[in-house]
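*Asks:* Between the sequences and the hints, there should be enough to build the whole structure, so can you do that?
Residue strings, one per chain:
2 protein chains.
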Amino acid sequence: MLTYSFENIGSESMYEYLYQCIKTDILQKKLKPDEKLPSKRVFAKNLGISIITIENAYAQLAAEGYIYTLPKRGYFVSNLEKQMIHPSSERSQEDRRSIKEPVYYADFVRNSVAPDTFPFSVWTKLLRDVTDTENELSLLSDTSVGGVMKLRQAIAKHLYQFRGMSVDPEQIIVGAGTQYLYSIIIQLLGRNCLYAVENPGYTRLTEIYESNDVNCCHIPMDAFGVMPEFLKSSGADILHITPSHHFPTGIVMPVSRRYELLSWAAKQNERYIIEDDYDCEFRLFGKPIPALQSIDVMKKVIYINTFSKTLAPTFRISYMVLPKHLVDRFYKMLGFYSCTVSSFEQFTLERFITEGYFEKHINRMRTYYRKQRDVILKAIHQSSLNPYVTIQEEDSGLHFLMKVNTDVEDTKLITAAKNAGIRISCVSQYYHDKQDGGIHMIIINYSGLEPDKIETAIQRLSECIVDVILRGN
Amino acid sequence: MLTYSFENIGSESMYEYLYQCIKTDILQKKLKPDEKLPSKRVFAKNLGISIITIENAYAQLAAEGYIYTLPKRGYFVSNLEKQMIHPSSERSQEDRRSIKEPVYYADFVRNSVAPDTFPFSVWTKLLRDVTDTENELSLLSDTSVGGVMKLRQAIAKHLYQFRGMSVDPEQIIVGAGTQYLYSIIIQLLGRNCLYAVENPGYTRLTEIYESNDVNCCHIPMDAFGVMPEFLKSSGADILHITPSHHFPTGIVMPVSRRYELLSWAAKQNERYIIEDDYDCEFRLFGKPIPALQSIDVMKKVIYINTFSKTLAPTFRISYMVLPKHLVDRFYKMLGFYSCTVSSFEQFTLERFITEGYFEKHINRMRTYYRKQRDVILKAIHQSSLNPYVTIQEEDSGLHFLMKVNTDVEDTKLITAAKNAGIRISCVSQYYHDKQDGGIHMIIINYSGLEPDKIETAIQRLSECIVDVILRGN
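Residue numbers (my numbering), protein chains in the order written: chain G, 10 to 482; chain Z, 10 to 482.
Treat the hints with care, since some could be wrong.
Chain Z is faced by these chain G residues, among others (derived, beta-carbon under 8 Å) [unchecked claim]:
1. Leu11
2. Thr12
3. Gly57
4. Ser87
5. Thr140
6. Asp222
7. Val261
8. Gly295
9. Ile298
10. Pro299
11. Ala321
Since the hints were made in silico from the structure, they are not lab data. Remember, it's a predicted structure, so these values are computed and weren't measured experimentally. Where a beta carbon is used, it is the ideal one built from N, C-alpha and C, also for glycine.
*Replies:* Structure, rendered in structure tokens:
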């Protein structure tokens, strides 16, 4: 008769311990396939424990398939022999290559945000208010795929006041980041469409489209944005652009080009324009440029924006504004999805906007960034680099361009900076075909640079760039 | 000379008002294409305002492309004529069809959670602690696509203690909901693979795969789970299953079938099993069933689980555990993505787990659900429905099955319940081909039912179902 000692039971319950003992014996073949196990009553008596304990252990083993029952005959050991597999030695376990980034003194590439600029205390207070006063059911219940209605109303109001856009809250779809929303747009408009992106432009955008198995073409730009003749001949269905502030060139698309592109879209039913308004809030001079969406009478524009830029990159809250007929299609095709942003954060953001903190925050950030830019520009002007560079597109959004008069290749400029502990990128890197056409434009993204590092950072950058220029390689 | 009155200026700034006046005149053709605008100095004198105001208005108009500059010659009106488009009357503006759901007294279908069970005060306290003590930079900086490392460590520890899984935190990828993670898995394993799902099963899963343009096949089930012979002949590459607790039948896959499926996966390099462990925490009897992942020596299982079930549906925090060689592939192919869950919530959840609140919460919920189930079962036993039904699979996770002895079609049962204000679903609805094979199984999902509604809900349900059975249609 099967017997176990309960001396080494430790902190487990009796039934867990017994379950473990029997399972081990089955796996180690001490109990053979189809061998009958003792009846519960006899086993209990033999072990000096209660029948309930035996029952629970047997039930667990049966639930997991280690034993099976035959009605009125009892419990038997399952036959696992045939299915057990063992790892072959051929396939060795690889270790993940850890991606080591060099440590930079200053980073003019990465998008981030200065920690002391975020109103932590306001945000936490609002979140506490939300959990105190918001209907708990609406906080915990599954929300519509479009997002919390209150937040969408607040966004609609904000878009009206700040961007002159008349938008029905129903048209707004909230999602966890623009990258996520792109994948939703692909599902909505079709994976077989040809998507056109700006060249140069966000290279990550191409990666996202390709990773979603979408064909992507790259439209060259002139001084006004993507060139309509290339767009037309590309055969593209969907055009993805950043008209308010092109990355990386900083071009603001003039209204004439906007109308040309809208007119292109209007010519075919399934043509659409994705307007990526990623940093419209940070135009440092004048009024914000009106959105393409606001002059789109043919309902061809999907407007997309994010709070990751204005609040902090770790807030994964973005939204898109669909033309009304696409809202219909969205709910019919994709209404089964859940919203990807937690209600807690949606309700908190709603209050942050409605109670005026968002506007205040943007204004404060705009002042902060303007000052940041001015300090950097001044440092450049006073540096040894000054005679070799021209500053461009400095009025808008978190980066400007520094054109370097040199024949030295961009890659050498980047390497020199890297060796001096400074991370920079050049416009040439944002071309799909990575061309280095003889014009050398360093992108100075100052969104995440600590103010007290500016002087040293620019000094180091100047020295190494001037050194490369003078050495001529 | 162009002139404007500043009488109706309202709350706008001077320059904004002037900008608006000129823009309107351009759009209304009062200013013609290529017409020269007054010089700044003369215009300022004429209007009696400062040159700076004129400069700002002109700069804004130029930035938006309404006017253009010729060096040393001045500002001119742009030619917008060619590009302007007007909506044709053919394309009428549709209004979004609002999806009206009937209001139910009780809902045995929807997944939700009783609001008074969620520890709001603990959660808010932890969140406040996080913003008070966590390094602000790590809260605000962009995080790795895999998620906050602290949270992944906490999850790894939890998986070890609770599921007996030995997992390196590096293998864990955090994302905003399992639906989002499915789309990542598709990008990782390939959209051209054939994905196999359980039939019956979550119909939403098929919708998600199809919406991602993935071919999907449906594998029939026997009493142990998907049938290996059908899986083999399907030609599937990826198998997506719920072995711990199949939805909707409640089947727990026995260990022998698990080994058979693992052996199927081991036969080809690119075969994988997605183990969806969606409600393993809510096994109401005995120990949790060990995860398939924990017996997978060949590294063929992608384990996936969510906090949306254990905390609340609005928490969009899920995770998957990748085999190590897929972790490599993930970072190489998809490392450019940002994590879709905000750091605030990731850090808060980390503390919730580490400080023991998560385990406490699950235990409390398990007790709550067990009681909920018992009250419902008792109400059914005491109802007029009792002689007509058999209860099945009541030991696990938030729903059980109620087999109805009748010839009446499921759709009639559902309609009758709906008319009585009760929402139910039947197992037949979860077949890919929506078969009604003569066996009538009502799914009683009690996760969101308010306790004080149980008695009335079951009474109404009994009356209408018994009525349909007796009438025979």
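*Asks:* Confirm or reject each hint.
*Replies:* Against the structure, the hints come out as follows:
1. This hint is violated: G:Leu11 has a C-beta 19 Å from the nearest C-beta of chain Z, more than the 8 Å allowed.
2. The beta carbon of G:Thr12 comes no nearer than 23 Å to any beta carbon in chain Z, farther than 8 Å, and the hint placing it at the interface is violated.
3. Checking G:Gly57 against chain Z by beta carbon gives a least distance of about 22 Å; that is not within 8 Å, so the hint is violated.
4. The beta carbon of G:Ser87 is positioned within 8 Å of a beta carbon in chain Z (closest approach about 6 Å), and the interface hint is therefore held.
5. Interface restraint check for G:Thr140: the shortest CB-CB distance to chain Z comes to about 5 Å, inside 8 Å, so the restraint holds.
6. Annotation: G:Asp222 was flagged as interfacial toward chain Z, and the flag holds, the nearest CB pair being 5 Å apart, inside 8 Å.
7. Satisfaction of the interface hint for G:Val261 is found here, the shortest Cβ-Cβ separation to chain Z being roughly 5 Å, below the 8 Å cut-off.
8. A distance limit of 8 Å between C-beta atoms decides the matter here; for G:Gly295 the minimum to chain Z is near 5 Å, and the interface restraint holds.
9. Against a cut-off of 8 Å between C-beta atoms, the interface hint on G:Ile298 holds, since the closest Cβ of chain Z lies about 6 Å away.
10. With a cut of 8 Å, the hint placing G:Pro299 at the interface with chain Z holds, because the nearest CB-to-CB distance is about 7 Å.
11. Because the smallest distance between the Cβ of G:Ala321 and any Cβ of chain Z comes to about 4 Å, under 8 Å, the interface hint for this residue holds.
In the structure shown, a violation is registered for the earlier hints numbered 1, 2 and 3, in ascending order.
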